[in-house]
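J.: Listed here are the chains, written in short residue letters.
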Amino acid sequence: MIERTTLLEIQDAMPLFEESNLPPCTFNLKVMPGDCIIIECRDTVTSSAFADLCSGMIPLETGAVYFNNLDWGKLKEPRLSALRGRIGRITQKGSWIDMYPMSINILLPLLHHTKLDLKDITSEAMELCYDFDLPGIPIDSPRHLSSIDLARAACVRAFLGQPDLLLFEYPLENYAAELSVPFMTMLNNAQNRGAGIICFTRQLSIWSNYRQNVTQWMNLQERGLTVSGSYNVDV
Amino acid sequence: MINSSNNKNLTSDRNDKTFNKTELNDQNVISSTQVQEAVKNPDKFVELVNRQEAELNQNYLSWRLKQADKASFPFFKKMEIIVVWSFLSFIHFIGKSVRSYCGFLLDVLGASYGVIIESFFLYNWRRTTRYEFVRILGQSLGGGLFSTVFTASLTGLAVVSQAVYWLGLTGLSKMTAPILVTVILRELSPIFVGMILLGRNGILSVAECSLLATGGQLRTYNSIGIDPFVTIVLPRAWAFTVSSFALGMIFGTVSLFTGYLVTFILGSIKTSIWSFYSDILFSMAAWDYVTIPLKFLISGFLIGIGSCITGMNAKEYDDPSTLLPKGFTRGIMLIMVVNVLFTLDF
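Quick note, the sequences are listed as chains A and R, same order. Take the first sequence: its position 18, counting from 1, is numbered 159 in the numbering used here, and each next residue is one higher. Take the second sequence: its position 315, counting from 1, is numbered 331 in the numbering used here, and each next residue is one higher.
Incorrect hints may appear among the rest.
Label-pair ranges, simulated between beta-carbon atoms [claimed, not checked]:
{"#": "1", "chain 1": "R", "residue 1": "199", "chain 2": "A", "residue 2": "288", "range": "54 to 60 Å"}
{"#": "2", "chain 1": "A", "residue 1": "284", "chain 2": "R", "residue 2": "104", "range": "46 to 52 Å"}
{"#": "3", "chain 1": "R", "residue 1": "129", "chain 2": "A", "residue 2": "277", "range": "39 to 45 Å"}
{"#": "4", "chain 1": "A", "residue 1": "171", "chain 2": "R", "residue 2": "341", "range": "48 to 54 Å"}
{"#": "5", "chain 1": "R", "residue 1": "215", "chain 2": "A", "residue 2": "203", "range": "47 to 53 Å"}
{"#": "6", "chain 1": "R", "residue 1": "300", "chain 2": "A", "residue 2": "223", "range": "46 to 52 Å"}
{"#": "7", "chain 1": "A", "residue 1": "316", "chain 2": "R", "residue 2": "64", "range": "37 to 43 Å"}
{"#": "8", "chain 1": "A", "residue 1": "159", "chain 2": "R", "residue 2": "302", "range": "53 to 59 Å"}
Hints in this document: simulated from the structure, not taken from any laboratory. Glycine included, every Cβ here is placed at the ideal spot set by N, Cα and C.
The following block holds chain A by itself, in its conformation from the complex (with noise of 0.2 Å):
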């Protein structure tokens, strides 16, 4: 039974205008545990920015946003950074540091936040590789992999961990045909074990096999953050 307390709650918030790129407006967005959340947004830079204010990686002007019922504005090191580790993203840029190995830049956020025993995180990254049609733990450097295969490496960071929140900007744009169906699956079994999930997305077709599964459609654009009803687009 997953416990219905509010996951992440964006309240009134009105970021700085300097420090980020999104519209100078406030935001509202409750993300309740095993909510699905698929965000249209054309602009890449504004979700960034938007994944970035539910990371409390942005200052904002008023309003406030709540991360596991804790204020995101009034936490201070390094209980920031653990909470932040309870994060699963996609970033669209960014994503890899190739002075590591690929198996370091996927082990990474857990061998940082968790004390947890190696060969235990391997086995659980391992896994998660198969599900996502790796043959294994890539260990060859993030410049030497195709863009597909870094793709489901991302994907396998993303759920690694199992954390509270997952925050996909464009997962499956460019590898529907791929990944759709791992992802999905993944995404799914995220759901019922309580995580919260938003998505950022071009295209609503691509979401077309997961609508019933989808709590909230919404548009982020220069108005800011609004529902866009129920999905329907003729597949």
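We have chain A; now place chain R onto it with these hints.
T.: Frame of chain A, contents of chain R only:
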């Protein structure tokens, strides 16, 4: 009673005496397209604003020169305005350059304080930090070992053998050990080791950190709750410190050994290697045992921090051709500052 035409005159007169910025702002207004571009590229926007401010200042100068026509001695008034204006620009130029260098030194001092304080907290030494520490230590020690041994051998060949030979000729053989301690151990080795460390690993750090900064990886680090200062700057600073000390000790030992070997083969020295080393050790003052290792430790530490800061402060428009020379000159400056400070005091 003042009529309306008088009123108008008064207003225009007042406007003449004050610089009407709004008029100029209308000319220099930033368009909405530029604002939208600014959202995507803040650095470009800052550049645009700076350019427009400069234009505004230029307009202000011409306005003041026009105002000077109404003064009693317009020529002298204009000269005064131009001299003061040029002087202000000169002061601005000096201030900008000084602030840039002082800013870097203050950044290094601040980051050094941060690294030392954060190192005391056990939770900062997580697996990721330890991994980076071991990786950089291996890179700097393993990579710098051959260069250090080679440079030390050449130094021994050139300095030690020459010192022993010429001092022997002039009958000052007893001065050999103190001179070698001063020249090689105290002065040359920290500079050479610092330069090897800087060239071999410091510049690599500048490149790596700049790629992290410009590629958006530092932001990703933050977004997954990993503090780049703790996982990159802190371990690198300590790894550079340890390897600087280790390479320094290797440098001293190898250079003295090579020098001894050459002079022994040439017949300029007859004593055993142990008594040669013993002479060197006895000629060292008690302070040398503190200052020489300290020089290695501090310069290694500062090279680590300076390289990381230079790299992490890289902007999107920075490229290796500007960044790497900047990293190198800053590193050399730090090495020299440490050496000069210690030489002044001791």
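J.: All hints are to be evaluated individually against the structure, with a verdict given for each.
T.: The hints, checked one at a time:
Range check, residue 199 of chain R to residue 288 of chain A: about 57 Å between beta-carbon atoms, so the 54 to 60 Å window is met. The hinted range of 46 to 52 Å is satisfied by residue 284 of chain A and residue 104 of chain R, whose Cβ atoms lie roughly 50 Å apart. A C-beta distance of roughly 44 Å is found between residue 129 of chain R and residue 277 of chain A, which places it inside the suggested range of 39 to 45 Å. Restraint check, residue 171 of chain A to residue 341 of chain R: a C-beta distance of roughly 52 Å satisfies the suggested window 48 to 54 Å.
In this structure, residue 215 of chain R and residue 203 of chain A meet the distance hint of 47 to 53 Å, their C-beta atoms being roughly 51 Å apart. Distance hint for residue 300 of chain R and residue 223 of chain A: a CB-CB separation of about 49 Å, consistent with the stated range 46 to 52 Å. Between residue 316 of chain A and residue 64 of chain R, the C-beta spacing of about 38 Å keeps the proposed range 37 to 43 Å intact. About 56 Å separates the C-beta atoms of residue 159 of chain A and residue 302 of chain R, a value consistent with the hinted range of 53 to 59 Å.
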